[in-house]
Amino acid sequence: GENVEQHPSTLSVQEGDSAVIKCTYSDSASNYFPWYKQELGKRPQLIIDIRSNVGEKKDQRIAVTLNKTAKHFSLHITETQPEDSAVYFCAASWNYGQNFVFGPGTRLSVLP
Amino acid sequence: DTEVTQTPKHLVMGMTNKKSLKCEQHMGHRAMYWYKQKAKKPPELMFVYSYEKLSINESVPSRFSPECPNSSLLNLHLHALQPEDSALYLCASSHLPSGSSYNEQFFGPGTRLTVL
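Chains A and B, in that order, give the protein sequences.
The first sequence runs 1 to 112 under my numbering.
The second sequence runs 1 to 116 under my numbering.
Any given hint could turn out to be false.
To be verified - Pairwise CB distance ranges, derived in the manner of DEER restraints: (1) B:L96 / A:K71: 44 to 50 Å; (2) B:Y51 / A:G1: 20 to 26 Å; (3) B:E58 / A:T78: 32 to 38 Å; (4) A:K42 / B:P83: 38 to 44 Å; (5) A:E83 / B:T16: 42 to 48 Å; (6) B:P61 / A:E56: 19 to 25 Å; (7) B:L96 / A:T78: 32 to 38 Å; (8) B:T5 / A:E56: 34 to 40 Å; (9) A:N67 / B:N17: 45 to 51 Å.
Claimed, not checked - Some chain A residues close to chain B (C-beta under 7 Å, calculated; not the full set): (10) A29; (11) P44; (12) N99.
Calculated from the structure, these hints are not laboratory results.
Ideal Cβ positions, reconstructed from N, Cα and C, are used throughout, including at glycine.
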């Protein structure tokens, strides 16, 4: 089955700096890669996703890149703000998002 | 209505109790999901319902019994749980994915379950 690894497990950055979180997946058939943000005590919320036929996607301060050959994808957050502090989960799906496997998560702390 | 709701928010139960978790959505989604999330861990998929029929059961113990009475409601019946079953139980819903459609899963706020 699919296995998703995620690094780093914790990340601290100064406000205004960039943050990068990297994930690798094992199943070359995976075709959908969402990123979820989960604030303490809150529900996971989708922040950006990318499909296997796209190499890069950007939404304001957030971007995701996908390298299908290497089977890895990354989340980039620019101009970080304290409200970006949360746990971020990457995920990979082989059936267009009906079910996916989450990575273990990255706890991002943005220091003012 | 663009939210998934779950009740109760918190539940404490003994190992001999029977209780139910409820989930509701009115976004017209025909796929609904139960996840279990332990502290500092990612959500783990338990069950998937497609068109109100159970399509995926991730080898979940029979003390967890899902039910989808209609397209808007999803229940999780709990019986004879163990303390290690204490966790946040998340419900999610989405449109059914297809070859040309990739669909976001919307999560509810979860029910925090404590088994004594």
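So, going through the hints one by one against the coordinates:
Between L96 (chain B) and K71 (chain A) the CB atoms are about 26 Å apart, so this pair departs from the stated range of 44 to 50 Å. Remark: the range hint 20 to 26 Å for Y51 (chain B) to G1 (chain A) is upheld by a beta-carbon distance near 24 Å. The given range of 32 to 38 Å is respected by E58 (chain B) and T78 (chain A), whose C-beta atoms sit roughly 37 Å from each other. Under the hint 38 to 44 Å, the C-beta atoms of K42 (chain A) and P83 (chain B), about 25 Å apart, miss the expected range.
At about 44 Å, the CB distance of E83 (chain A) to T16 (chain B) agrees with the hint of 42 to 48 Å. Taking the beta carbon of each, P61 (chain B) and E56 (chain A) are about 42 Å apart, not inside 19 to 25 Å as hinted. The beta-carbon spacing between L96 (chain B) and T78 (chain A), approximately 35 Å, falls within the hinted interval of 32 to 38 Å. Taking 34 to 40 Å as the suggested C-beta distance range, the pair T5 (chain B) and E56 (chain A) conforms, at roughly 35 Å.
A hinted range of 45 to 51 Å for the beta carbons of N67 (chain A) and N17 (chain B) is consistent with their spacing of about 49 Å. Taking 7 Å as the C-beta contact cut-off toward chain B, the hint placing A29 (chain A) at the interface is violated, the least distance being around 13 Å. A least Cβ separation of about 5 Å between P44 (chain A) and chain B falls short of the 7 Å threshold, and the interface hint therefore holds. Interface hint at N99 (chain A): satisfied, since its Cβ lies 6 Å from the closest Cβ of chain B, which is below the 7 Å cut-off.
Consistency with the previously given hints fails for numbers 1, 4, 6, 10, ordered from lowest to highest.
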